[in-house]
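S.K.: Residue numbers (the working numbering), protein chains in the order written: chain A, 1 to 380; chain B, 1001 to 1399.
Just so you know, the hints here were simulated from the structure itself, not pulled from any lab data.
Just to be clear, a hint being listed does not mean it is correct.
[What the hints assert, rightly or not] No farther apart than 30 angstroms at their CA atoms in a straight line, the calculated lysine-lysine pairs in the DSS-like style are these:
| no. | chain 1 | residue 1 | chain 2 | residue 2 |
| --- | --- | --- | --- | --- |
| 1 | B | LYS1084 | B | LYS1314 |
| 2 | B | LYS1247 | B | LYS1232 |
| 3 | B | LYS1247 | A | LYS14 |
| 4 | A | LYS98 | B | LYS1234 |
| 5 | B | LYS1084 | B | LYS1259 |
| 6 | A | LYS98 | B | LYS1247 |
| 7 | A | LYS98 | B | LYS1259 |
| 8 | A | LYS82 | A | LYS211 |
| 9 | B | LYS1247 | B | LYS1158 |
| 10 | A | LYS14 | A | LYS211 |
| 11 | B | LYS1158 | B | LYS1129 |
| 12 | B | LYS1035 | B | LYS1232 |
| 13 | B | LYS1314 | A | LYS98 |
| 14 | B | LYS1234 | B | LYS1084 |
| 15 | B | LYS1247 | B | LYS1259 |
| 16 | A | LYS291 | B | LYS1035 |
| 17 | B | LYS1259 | B | LYS1158 |
| 18 | B | LYS1035 | A | LYS14 |
| 19 | B | LYS1259 | B | LYS1232 |
| 20 | B | LYS1158 | B | LYS1234 |
| 21 | B | LYS1234 | B | LYS1259 |
[Said to hold, decoys possible] Which chain B residues stay away from chain A? Per the calculated CB distances, all over 10 angstroms, these:
| no. | residue |
| --- | --- |
| 22 | PRO1160 |
| 23 | THR1180 |
| 24 | ALA1384 |
Using N, Cα and C, we set each Cβ at its ideal position, and we do this for glycine too.
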Amino acid sequence: MSVPLAWRLLAHDKRRTALAVTGIFLAIALVFLELGLFFAVPRGGLLLFDHMRFDLMLTSSQYQYQSDAGAFPAGRLAEVQKLPQVAQVIPLTFAAAKWQGGEHGEWIDLFVIGFSAAASPFTVGDINRQLGTLRRPDTILVDDATRPMFGPLTPGRVVAIDGRPETIGGTYRLGTGFMGLGVALFDMGNFARLFPLRGARLVNLAAIVLKPGVDADAAARALRRSLPDDVRVWTRPQLNAHEVSYWTTRSAVGVIFGSGLVIAIVVGIMIVYQTLATQISRHLPQFATMKAVGYGERSLYRTVAAMAAMIMALGFVPAFLAALWLYAVIRQATMLPAAMTGARVAAVVLASFAIAMISAALSMTGLRRADPADVFDGRP
Amino acid sequence: MKTALMTALSPPSLRPRLAGAGRVPLARRNLWANKARLLRSLAGIGFAVLLMLMQLGFERAFFQSSLQVIELLDGDLFIQNAHKYRFVTRQPFPPADLDRARRVQGVASVRPFYADWYSSFWRNPYDGKVFMVRAFAFDPDQPVFLLPAVNAHLAALKAPDAVLVDRRARPFLGMGGTATAAAFNGRPVHIVGRFALGPDFQNDGTVIMSARSFANLLPPGAARGVEAGIIKLKPGADPGVVAAALKRVLPSDIAVFTKAQLYAFERDFEARVSSAGVIFAMGTIVGFVVGALIAYQIVYTDLTDQLPQYATLKAIGYGPSYIVGVVLRQAGLLALGGWVPAFFVSLLLYRWIGNLALIPLGTSLYIVGVSFALTLFMCLLSAALAMIRVVAADPAEVF
Chain A
1 MSVPLAWRLL AHDKRRTALA VTGIFLAIAL VFLELGLFFA VPRGGLLLFD
51 HMRFDLMLTS SQYQYQSDAG AFPAGRLAEV QKLPQVAQVI PLTFAAAKWQ
101 GGEHGEWIDL FVIGFSAAAS PFTVGDINRQ LGTLRRPDTI LVDDATRPMF
151 GPLTPGRVVA IDGRPETIGG TYRLGTGFMG LGVALFDMGN FARLFPLRGA
201 RLVNLAAIVL KPGVDADAAA RALRRSLPDD VRVWTRPQLN AHEVSYWTTR
251 SAVGVIFGSG LVIAIVVGIM IVYQTLATQI SRHLPQFATM KAVGYGERSL
301 YRTVAAMAAM IMALGFVPAF LAALWLYAVI RQATMLPAAM TGARVAAVVL
351 ASFAIAMISA ALSMTGLRRA DPADVFDGRP
Chain B
1001 MKTALMTALS PPSLRPRLAG AGRVPLARRN LWANKARLLR SLAGIGFAVL
1051 LMLMQLGFER AFFQSSLQVI ELLDGDLFIQ NAHKYRFVTR QPFPPADLDR
1101 ARRVQGVASV RPFYADWYSS FWRNPYDGKV FMVRAFAFDP DQPVFLLPAV
1151 NAHLAALKAP DAVLVDRRAR PFLGMGGTAT AAAFNGRPVH IVGRFALGPD
1201 FQNDGTVIMS ARSFANLLPP GAARGVEAGI IKLKPGADPG VVAAALKRVL
1251 PSDIAVFTKA QLYAFERDFE ARVSSAGVIF AMGTIVGFVV GALIAYQIVY
1301 TDLTDQLPQY ATLKAIGYGP SYIVGVVLRQ AGLLALGGWV PAFFVSLLLY
1351 RWIGNLALIP LGTSLYIVGV SFALTLFMCL LSAALAMIRV VAADPAEVF
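Could you build all of it, start to finish, from the sequences and the hints given here?
M.R.: Quick look at the structure:
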């Protein structure tokens, strides 16, 4: 009884209902937008790791976050390889270089990643298909999210990098995240030629692939026991948690989007409550009449709750679609990997309906006092 | 509501004929009549305004923080490598070019400024952890900074491996406190003083040292050359004329900027590549739309509730323009009433979040102007739309 009644109450004044639904729509879209931005930041920081195959990661003990990873002696790799649980150890080197071919002649900072084309640590198809190209002398692959100010990324273009001519062998799609304005991949041999002072003696990361069936946590413990303390061993979840906490709590970006999110949630709750409370209070005369003719408070509450839930559902669906569109805009405009996740949808659905039920309960206090004689007073 | 209207209307002999002849402050009294509703309305609008204010503040902080360094340099003109795409990146040039600049007429002094953003690693003296920082250097006999705390330690900076550190750097760097022994790029350094600058979006902390220590402490490849020449003009010299003369004398790979041009150069770069503008504009627009909707709901509800009263007004001879005026004034008052508290709350939040994130978060004339204009526009637009709606619904009754 309460559901059809709630529906007819809403259908009775469609314009008002539409207004309420728009309010809910905006509130939910706003919360989705800020959530998307807030979580896109650590995802941006995790971009490289999210596209690498590894069970454990070896870093310097000075590791701060991916772009400030510290370095450790390449000798540690052999020690890791000795462990029976380990199938493969793939070292990566990072460096900063100048791309001396900006569209207006600028020399732009480039984030350089070196790895051996014989063993790609990446899960990106574009990269793994072009390993042969990468092996050619002084040939590089460039991320296609590299900013337009770097000029055309046409294969075959020769660009001086730190004074050394390098040929663009191709592009790939991974994303630059917080690594910089542009990212290029080098085969280890080419990397060592570009940075002769540094060579291959120092490594920034090593992706460790374990043999099938090996427990990652146990292997990590074994590695930690056998390795000196200038390196650190991370399991995937540990590294993930570390990066997320860095980007959400230590960086200014995290604090800004975090506070944006808090404000959005407060505004969202306010709109939802106001909208539902207005809707419900408008129907006070009807409810009071129902009360007068013998309906119990419980059944009235069910009606009110059904109304709140329906408005919420009507607002949620378009808000979800709008959020998908907003995320696409964020990805396009900011190159941050904003993405909708099932957990996020579930969280917003649960939170929205919880707020709807609380709003319904709060507006019941008005209803409890509702007296037909009062509510009709002053209304035409 | 009715009571308010009735008092507002007495005595009836004072019947203003023209729109806007608001002898009776009907708009204000209408709002005051139901204080609980007014409070709810103002809270709704206020929060939407706060949302816009925060987004505008973040945007300003983002762009402001990259200009911080330029602000601190005591120069009329600046020279730097022409290949630079922004000021705060490493692209040194040979110090010999400074000597050429010194000979140009109108130039009082040309001082070298050294900087590094990639090869400077600071060890926290309290927990031994190492972090990437930025390093600035200058000749203590030729100071370039407008920071009194730096200029108070010029003599102490001359000692080998003496450094000044940023007390406002991110706390995990351990640059605050009283420690005097730390390490920079693995070499022991002495902290001889502290200044207050704060981090920005790229850098967590700053170390300032003498040019000699810079050459000692940075890797051989990184310490070559000068990052910028800080030029002071002789009294009365025209910056434009001197800049043109400098360009003639200096090689083509050196660029000359006035301070204003250097700001513009850096701002252009940020606007060209960073997505901050888009992100915060998106937030501001959403705040505007949310606010507009709240305002629309408020005005619409109020209008429909008061329709009989407005009809009465019409019956006793007030024209539609008078009623439109009342509604718009009411919307204007709501805008003001929502904006003022939101603005003060934003000041508190700027301070609080600014200290938490250590970014230059603060208000500006631009923020005040834009946020108020958006608030007013949002309320008036909603009021206009709500009136059109009501008229469409019930043309005979009031208008």
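S.K.: Looking at the structure, which of the earlier hints fail to hold?
M.R.: 1, 3, 4, 9, 10, 12, 13
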